[in-house]
Amino acid sequence: MVPPAIEIRDLRKVYGDKAAVDGLTLTVPQGCFFGFLGPNGAGKTTTIKMLMGLAPPTSGTIELLGLPMPDRSLDIKQQIGLVPDESMLFDHLTGGEFIEFVGRIYGLDRSTARARSDELLDLFELGHQPKKLIAEYSKGMRKRVAMAAALIHRPKLFLMDEPFEGVDAVGARLMKDILLDQVRHGATIFLTSHVLEVVERLCERVGIIHAGKLIAEGPMSEMRGAAETLEDAFVRALGMEHAAETLDWL
Amino acid sequence: MTHIGAIFWAQWRTLSHFYPRRGVAWSAVVSLIWYGLWSVVAIAMLRVFSNPAQIPTIRIALPGGLLLMFLYWQVVPLMLATTGSSLDLRKLRAYPIPDSQLFSIEVLLRVTAGIEMVLVLIGITIGALMNPALGKWSLLSTAVYVTFNLIIAVGLRDTLARLLARKRIRELVFFFLIMAAALPQLLMARRGVVSPQLHLLVARDAWEGWPWTAAANMILRIRILPSLAILSAWTLGALVFSRWQFSRTLAFDADAANAGSSQPSRRSWWIEWFYRLPSTLLKDPLGVLIEKEFRFLMRSPRFRLVFLMGFTFGLVLWLPMVFVPRGPLGEFFVQNYLTVVCVYSLMLMSDVCFWNAFGFDRSAAQFYFLAPVSFRRVMTGKNLTGLFFLLLEIAMVTAVCVLLRMPLGFRRLSEAYGVAAVVMIFLFSAGNLLSVRHARAVNPANSFRTGAAGRLQATLFAIYPVVFLPVMLAYLARYAFGSQTALFAVLAIDALVGIIVYRLSLDSAIQTADRTREAMIAALSAGDGPISD
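As you go down the protein sequences, you meet chains A and B in turn. Heads up: the first sequence begins at 10 in our numbering, then just goes up one per residue. Heads up: the second sequence begins at 5 in our numbering, then just goes up one per residue.
By construction, these hints were calculated from the structure, which means they are not laboratory data. Just so you know, even glycine gets a beta-carbon here, dropped at the ideal spot from N, CA and C. Just to be clear, a hint being listed does not mean it is correct.
[Said to hold, decoys possible] Some, not all, of what chain A presents toward chain B, calculated at C-beta under 7 Å:
(1) A64
(2) K86
(3) H101
(4) I114
(5) L132
(6) L142
(7) Y146
(8) G149
(9) R151
[What the hints assert, rightly or not] A few chain A positions that, by computed beta-carbon distances, are all more than 10 Å from chain B:
(10) G62
(11) P65
(12) S68
(13) A144
(14) E145
(15) H219
(16) I224
(17) S230
(18) A235
(19) A246
(20) G248
[Said to hold, decoys possible] Here are the simulated DSS-like cross-link-like pairs (lysine-lysine), alpha carbons at most 25 Å apart as the crow flies:
(21) B/K296 - A/K140
(22) A/K222 - A/K27
(23) A/K148 - B/K95
(24) A/K165 - B/K95
(25) A/K148 - A/K185
(26) B/K171 - B/K296
(27) A/K27 - B/K287
(28) A/K165 - A/K185
(29) B/K287 - B/K171
(30) B/K95 - A/K141
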């Protein structure tokens, strides 16, 4: 039997007296395109940081691709592709150098890493300015290079924190096509995003987190229910329908 | 090994992109001078150790010398708030790199915190190899002693870095650390008081269990195998300790460690009152600009650390000079202790107050070019904030001197404050120019790393003598005329000239910022490579 790509049980992360993630239990099957949604400060990034092994959970268990985290963290990391927070990029490398660096860290030999890096740069339309440093990239370009680096070792599971943030329509379309292609080939994608239209179009399953707790989870069709769009369903789930009417002076 | 190769390759690429050609030249010149001086020391050591006639002197001095090297390697970098290069674990932890490889790289990088000592040890080793009375064991001794120092440095740095990453105990830890580091020289200055303890540490017949004594004994061919066993045991112990500490650092969650209660604390009201003070006294936008600086600096661990160092480490560092009043230098320190400590504190604070005034703002500095506020106001706000904290620092220095019952008369106070005021005016003048010409992003949460790049450090190397020239002229006047009035008269002229220079430099800084804003914002928005300085 194929283990789930992600299996989280009763996960908690406490900062001081505040639980950023509070008893999260979630299963994402392999080959699934999963959208993890929530308002700002809901616990999305904390969750994804724990999945990436960047923050240890206070309690609870995480299994990725059937392997326990952090006991088998090296084996797990070898099989996942990360599109992390922008601050994780090395600003004084060019895009090509960064992708090559990540490839080599994942164990590719130098020539393969360099060849794939060149191809990925072209694919993500970053190859026309090979000497440009990541520090000089726009936000969208930074996301593109992060995604290109995540692909270089052909991972089975992608963990992506706001991958479409700041990406233009053409870039977003390209990234969506690549991700869908990866899912068709059996990869699993777990992404957080504020762009609900993208999530609605791509994801098969969605989970909504609020104040550290999972308040809804299921297939896209069920989540949307009778609502017109995912956005309507999302806002209703959070009980924020009339938030804009609270300030008189506005 | 693949990972190690990839990390060093990425770092090499990072450095080659980071420094423009001129910056490389500047850094190379400064490095050449600094390491050239240490190479001269190494050659002197080579000559001493290769001379059989020097054996008696070597026997006496070597254990103490090796202890000093240990202290230089382990303690001095922490005191200077820079620990050489280290891995940026925030960015590397997400990748499948075995902890053992990260640890190996970190050990190798500790060389950067003690290159000077490696040079001296190379001199000693070659000299000993050339000396028939010493010989081949020196090579093994040096190799194991260097390994011991590299490994223990990782453990000590990691332990300290984690302690300093915790909000509430950071300042306390640092306070005890600097006191502990300054204690030996204080005790040594009080000659005769602790000679038995010092004897136990560094004398020729000191306890053989110390790593530096064991290393010295191996070089001197005294009980070679037991000494090797002792040194190896220390190295093994260091390895176990440092691996343990490194693992703890990898698993360390600074956010969780620093998370406090979500309820407002009892002391919140007076801190808030302090933050609001500039807005109470000054109109916006100046008031709110300074209020922002107050909030930002007070919340920056780096600033708090430097501020604490100013009136603790600065005092302790110069205290031994007061205890050795013999000779003209000793007498000078007794007479001018407060002045020296005040000026030293200003220099310590310079990195966070004026050399790189926009460093903590990082990419947010672009707001100053977007907001409907003149850049002159922004610079003035930064300078007034710096001035406030420098004055507070001097007040703290004075208060500690009073508590220590140092001799402080009106003459000494007025002289110290007069000198500090003149130095401050010129420092701010230079600082404004450097802040826009050499802007560089600094992580306010990082207590260790300096904000100064190699090129800026080279510039500072040239600026300090110019900044101190007016004060030196004042002291020259006192010496020439034998009158304190002459000193104050020249200081007053210095201050007037300084105000003119300050205004000119402020105008120039504003014009430069306007002209080079794009490059300035780009420099302030830049991040790090996998290994950071």
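Hints, verified against the model:
Satisfaction of the interface hint for A/A64 is found here, the shortest Cβ-Cβ separation to chain B being roughly 6 Å, below the 7 Å cut-off. Contact between A/K86 and chain B, as hinted, is supported at the beta carbon level, the nearest pair being about 4 Å apart and thus within 7 Å. At a threshold of 7 Å, the smallest CB-CB gap from A/H101 to chain B is about 4 Å, leaving the interface hint in force. A cut of 7 Å between beta carbons decides the hint on A/I114: the least distance to chain B is about 5 Å, and the hint holds.
With 7 Å as the threshold, the beta carbon of A/L132 stays out of range of chain B, its nearest partner Cβ sitting at about 22 Å, so the hint is violated. Interface hint at A/L142: satisfied, since its Cβ lies 6 Å from the closest Cβ of chain B, which is below the 7 Å cut-off. Residue-level restraint check for A/Y146 is violated (minimum Cβ-Cβ distance to chain B is 11 Å; threshold 7 Å). For A/G149, the suggested interface contact is broken, since its CB lies about 16 Å from the closest CB of chain B, more than 7 Å.
Against a cut-off of 7 Å between C-beta atoms, the interface hint on A/R151 is violated, since the closest Cβ of chain B lies about 11 Å away. For A/G62, the condition that its CB be more than 10 Å from all CB atoms of chain B is violated, with the nearest at approximately 7 Å. A beta-carbon of chain B is positioned within 10 Å of the beta-carbon of A/P65; the least distance is around 6 Å. Every beta carbon of chain B lies more than 10 Å from that of A/S68, the smallest distance being close to 12 Å; the non-interface claim holds.
Taking the minimum C-beta to C-beta distance to chain B, about 5 Å, the non-interface status of A/A144 is violated against the 10 Å cut. For A/E145, the shortest C-beta to C-beta distance to chain B comes to about 7 Å, within the 10 Å cut-off, and the non-interface label is violated. The claim that A/H219 is not at the interface with chain B holds, since no C-beta of that chain comes within 10 Å of its own (minimum 17 Å). Distance check for A/I224 against chain B: the nearest CB is about 21 Å away, which clears 10 Å, and the non-interface claim stands.
Look at A/S230: its CB is around 34 Å from the nearest CB on chain B, clear of 10 Å, so calling it non-interface holds up. Every Cβ of chain B is farther than 10 Å from the Cβ of A/A235; the closest lies at roughly 37 Å, confirming the non-interface assignment. Even its closest Cβ contact with chain B, about 25 Å, leaves A/A246 beyond 10 Å, as expected for a residue assigned away from the interface. No beta-carbon of chain B comes within 10 Å of the beta-carbon of A/G248; the shortest separation is about 22 Å.
As the CA atoms of B/K296 and A/K140 are separated by approximately 38 Å, the hinted pair breaks the 25 Å bound. Taking the CA atoms of A/K222 and A/K27, the gap is near 12 Å; set against the 25 Å cutoff, the hint holds. Only pairs whose Cα atoms come within 25 Å are accepted, and A/K148 paired with B/K95 is accepted, the gap being roughly 18 Å. For a cut-off of 25 Å, the pair hint linking A/K165 to B/K95 stands: about 21 Å separates their Cα positions.
The hinted pair formed by A/K148 and A/K185 meets the criterion: a straight-line CA distance of about 17 Å does not exceed 25 Å. Distance check on the hinted pair: B/K171 and B/K296 sit about 20 Å apart at the alpha-carbon level, within 25 Å; holds. With a C-alpha separation of about 38 Å, the suggested pairing of A/K27 with B/K287 is violated against the 25 Å cut-off. The suggested pairing of A/K165 with A/K185 holds, with an alpha-carbon distance near 17 Å, which does not exceed 25 Å.
With a C-alpha separation of about 33 Å, the suggested pair B/K287 and B/K171 falls outside the 25 Å cut-off, and the hint is violated. For a cut-off of 25 Å, the pair hint linking B/K95 to A/K141 stands: about 21 Å separates their Cα positions.
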